[in-house]
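Chemist: Assemble the whole structure, with the sequences as input and the hints as a guide.
Number of protein chains: 2
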Amino acid sequence: MRLSAYFLPTLKETPTEAKISSHRLMLRAGMIRQSSAGIYSWLPLGLKVLNKIGEIVREEQDAIGCHEMLMPTIQPADLWRDSGRYDDYGPEMLRIRDRHDRDMLYGPTNEEQITEIFAGSVKSYRDVPQMLYHIQWKFRDEVRPRFGVMRGREFLMKDAYSFDMDFDGARNSYNKMFVAYLKTYERLGLKAIPMAADPGPIGGDMSHEFMILADTGESEIACHKGFVDNDWLETAGDDLQTTVDTFTEKYAATDEKRDTDAEAALGDDLVTARAIEVGHIFYFGKKYSEKLGAIVTDSDGNNITVEMGSYGIGVSRLVGAIIEASHDEAGIIWPDSVAPFRVGLINLKVSDDECVTACDDLYARLTTAGIDTLYDDRDTRAGAKFADMDLIGLPWQLAIGPRGIKNGVIEVKNRKTGERQELSVDDAMNLLGV
Amino acid sequence: MRLSAYFLPTLKETPTEAKISSHRLMLRAGMIRQSSAGIYSWLPLGLKVLNKIGEIVREEQDAIGCHEMLMPTIQPADLWRDSGRYDDYGPEMLRIRDRHDRDMLYGPTNEEQITEIFAGSVKSYRDVPQMLYHIQWKFRDEVRPRFGVMRGREFLMKDAYSFDMDFDGARNSYNKMFVAYLKTYERLGLKAIPMAADPGPIGGDMSHEFMILADTGESEIACHKGFVDNDWLETAGDDLQTTVDTFTEKYAATDEKRDTDAEAALGDDLVTARAIEVGHIFYFGKKYSEKLGAIVTDSDGNNITVEMGSYGIGVSRLVGAIIEASHDEAGIIWPDSVAPFRVGLINLKVSDDECVTACDDLYARLTTAGIDTLYDDRDTRAGAKFADMDLIGLPWQLAIGPRGIKNGVIEVKNRKTGERQELSVDDAMNLLGV
Numbered sequence: 014m015r016l017s018a019y020f021l022p023t024l025k026e027t028p029t030e031a032k033i034s035s036h037r038l039m040l041r042a043g044m045i046r047q048s049s050a051g052i053y054s055w056l057p058l059g060l061k062v063l064n065k066i067g068e069i070v071r072e073e074q075d076a077i078g079c080h081e082m083l084m085p086t087i088q089p090a091d092l093w094r095d096s097g098r099y100d101d102y103g104p105e106m107l108r109i110r111d112r113h114d115r116d117m118l119y120g121p122t123n124e125e126q127i128t129e130i131f132a133g134s135v136k137s138y139r140d141v142p143q144m145l146y147h148i149q150w151k152f153r154d155e156v157r158p159r160f161g162v163m164r165g166r167e168f169l170m171k172d173a174y175s176f177d178m179d180f181d182g183a184r185n186s187y188n189k190m191f192v193a194y195l196k197t198y199e200r201l202g203l204k205a206i207p208m209a210a211d212p213g214p215i216g217g218d219m220s221h222e223f224m225i226l227a228d229t230g231e232s233e234i235a236c237h238k239g240f241v242d243n244d245w246l247e248t249a250g251d252d253l254q255t256t257v258d259t260f261t262e263k264y265a266a267t268d269e270k271r272d273t274d275a276e277a278a279l280g281d282d283l284v285t286a287r288a289i290e291v292g293h294i295f296y297f298g299k300k301y302s303e304k305l306g307a308i309v310t311d312s313d314g315n316n317i318t319v320e321m322g323s324y325g326i327g328v329s330r331l332v333g334a335i336i337e338a339s340h341d342e343a344g345i346i347w348p349d350s351v352a353p354f355r356v357g358l359i360n361l362k363v364s365d366d367e368c369v370t371a372c373d374d375l376y377a378r379l380t381t382a383g384i385d386t387l388y389d390d391r392d393t394r395a396g397a398k399f400a401d402m403d404l405i406g407l408p409w410q411l412a413i414g415p416r417g418i419k420n421g422v423i424e425v426k427n428r429k430t431g432e433r434q435e436l437s438v439d440d441a442m443n444l445l446g447v
Numbered sequence: 014m015r016l017s018a019y020f021l022p023t024l025k026e027t028p029t030e031a032k033i034s035s036h037r038l039m040l041r042a043g044m045i046r047q048s049s050a051g052i053y054s055w056l057p058l059g060l061k062v063l064n065k066i067g068e069i070v071r072e073e074q075d076a077i078g079c080h081e082m083l084m085p086t087i088q089p090a091d092l093w094r095d096s097g098r099y100d101d102y103g104p105e106m107l108r109i110r111d112r113h114d115r116d117m118l119y120g121p122t123n124e125e126q127i128t129e130i131f132a133g134s135v136k137s138y139r140d141v142p143q144m145l146y147h148i149q150w151k152f153r154d155e156v157r158p159r160f161g162v163m164r165g166r167e168f169l170m171k172d173a174y175s176f177d178m179d180f181d182g183a184r185n186s187y188n189k190m191f192v193a194y195l196k197t198y199e200r201l202g203l204k205a206i207p208m209a210a211d212p213g214p215i216g217g218d219m220s221h222e223f224m225i226l227a228d229t230g231e232s233e234i235a236c237h238k239g240f241v242d243n244d245w246l247e248t249a250g251d252d253l254q255t256t257v258d259t260f261t262e263k264y265a266a267t268d269e270k271r272d273t274d275a276e277a278a279l280g281d282d283l284v285t286a287r288a289i290e291v292g293h294i295f296y297f298g299k300k301y302s303e304k305l306g307a308i309v310t311d312s313d314g315n316n317i318t319v320e321m322g323s324y325g326i327g328v329s330r331l332v333g334a335i336i337e338a339s340h341d342e343a344g345i346i347w348p349d350s351v352a353p354f355r356v357g358l359i360n361l362k363v364s365d366d367e368c369v370t371a372c373d374d375l376y377a378r379l380t381t382a383g384i385d386t387l388y389d390d391r392d393t394r395a396g397a398k399f400a401d402m403d404l405i406g407l408p409w410q411l412a413i414g415p416r417g418i419k420n421g422v423i424e425v426k427n428r429k430t431g432e433r434q435e436l437s438v439d440d441a442m443n444l445l446g447v
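Residue numbers (the numbering used here), protein chains in the order written: chain A, 14 to 447; chain B, 14 to 447.
Among the clues, some could well be false.
Just so you know, same-sequence chains aren't split out, so a pair can sit in one copy or run between any two.
As the list claims (entries may be wrong) - Below, computed lysine-lysine pairings styled on DSS-like, alpha-carbon distance capped at 30 Å:
(1) Lys-419 - Lys-362
(2) Lys-136 - Lys-61
(3) Lys-32 - Lys-136
(4) Lys-136 - Lys-362
In case anyone wonders, no lab produced these hints; they're calculated from the structure. Please read all numbers here as calculations on a predicted model, not as lab measurements.
Modeler: Set out below in structure tokens:
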């Protein structure tokens, strides 16, 4: 992509309304613009990252046999009256009345909707177990939206739901999701720690929040330091329950689940830190299937009310969370897997024909090799170009100027390490793995 | 995908609430379920088609240098007060009041939002022209939602907007979109006819609706029969204006633009038919840029209010429109480009081990070859499997049964032509181009 034709309105000044790094950097890097409090437009660079995160989430859901669908944003109030939640849900629910004076709402979550769909479609044990998910915009009318996309009002979430014949089946679905979540966050370049969370009215041990450590996190967590130092996923083995046990046998608890005795016993192995929630999985049994009639017949012809679980990942929140976990003074440092472009190519002197030709040639070569490249061909001074590249945080910067051309080299910078090298074009391509 | 594990709740009975073929077939094929009037959940099969259509639309927008972004669904009323449309827009606009009693609305369109973003970001002629689009859910509170996804309340649209320094630039942007639309519909397997449409308050000839002929269409159009018989896109040449001229010099008009004299003059060359609108492009000049201050400086330092155009495609409506244009008594007939799977593989006798092995082997071979295959491995009778395959309309059906295995052949059916052949597995793979 040629930057001269792209829509990348970076800001030099730091927006005063932004209180945390990710919010400031997303505004400055031209990723988002506020529409109203807690509601954002995603500009091209931001949308690319959002889509890359969504795609990784999607692939790991598909990999465990969870099927993608899409529920609407606007739901009928009657469905929530049937579940008993319409009156329980507080002012965070955006309530709407349509032109025929029917009560509607902007979905803050989808248990009711998915249970209704399942109940209307599945009648036999033959079609169970089933896992369904969607990635859709939700709305929660936060009283004080803040921290940019981290606590917005309109936000993108992946919601998945599982349906099983019995508790053992539900546990198996839960375990599949548990491991899929670990893989998802690992691919996103995040160390997300599964922590025992409030199980809600159902009780039991099948409720985990996935937390990433960040100073700006809204909750204070405590965990065994092994979670911070180790990567148990690689050593956990193939068995699902063993993997889950590996991650759950050691202490890790969110705010509301912290245990003073357990923490005292850990001694030097205890870590306390601030953290951001980036996912929540929980089993809720027959809470909605009973109320909404999600009943199937088993192989003996008996009616069975299905067991359900709910599995959420905050996709738009993850954009902010990744930046909180990976940035420096100069800007964002994207993990390779979600970087909006892999390479930033800088023409240091657009008035120099030789320089233009060298840049155009390299751009063509990168593009042909399938490397998504943002090519800064603007008529701007070199300093501003380097600053913008650092700000938007692409993994590699390649810069070409008259001096380098004379010496047969280009400058290659790794955004994460800061390391700079002067390399021939061929060696630079090798470094990029092509 | 193994059908035994998929979520494909097909219906045997025809839903009585559905008045047109596409609505009936989408419900019966397990593509959608109604949530409330004019609002649908997209089940896995339906979502696959919706995404394939969206991807084709996206590629053709990207190809003309239009940049994808994403605006939110909920907009502040104040923005619409600034443009003067908040009071003008009728009861189709879904108006919302948030917990702080601020007036909001579910966006029925995005001229205001995009103009605000542009005005806040672009200040110089150097960053013009610019084209931006998004694919997002919109809401119009239709008084009588009907025809399934063809006239729903919550629907998916691609909206693009162009920004230019002057009228000539705006015409060039319009022409680019005009041709991109022709290519888009062609790739979707549709013959979409660009027709002169109501230009609105701006006047002029830069307003076209793209219509596809279908008996269930809501408007009565008239056009030169060349539009129905010919494919001018291939012969139109490389020059943008020439291509647009080729398509606009012959008579073609929607309801409100029909011209009795012009039609009389056409004689036998006149075709009148019912048609479905699947896209609308129009130039609207400075209507919003003036009111919302989208002003840039030109190279002489003068303030220029930018010229704008708007370009919509109904993505979710297209799912219904394609079915209206391509189905028979037995079900849907998907064009290759948007088929949810390319091949349906049917095991005619799941109790036969040899048959299972042959099907599993072919499924593995198809999958390895990159052919997206729906594998009906259910324990159901063959007749029901053939009926479901015809209903969901995959381009190719491959059926394997004990008799065929004995003879070393499988049955291959082309859904569109109905042609059946008995072929060896190798010949069948050849037929599929692998």
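Chemist: Could you run down the list of hints and mark each one as holding or not?
Modeler: Hint check results:
no. : hint              : in the structure
1   : Lys-419 - Lys-362 : within (14 Å within a copy, 72 Å between copies)
2   : Lys-136 - Lys-61  : between (40 Å within a copy, 24 Å between copies)
3   : Lys-32 - Lys-136  : between (51 Å within a copy, 27 Å between copies)
4   : Lys-136 - Lys-362 : between (68 Å within a copy, 23 Å between copies)
The structure shown violates none of the earlier numbered hints.
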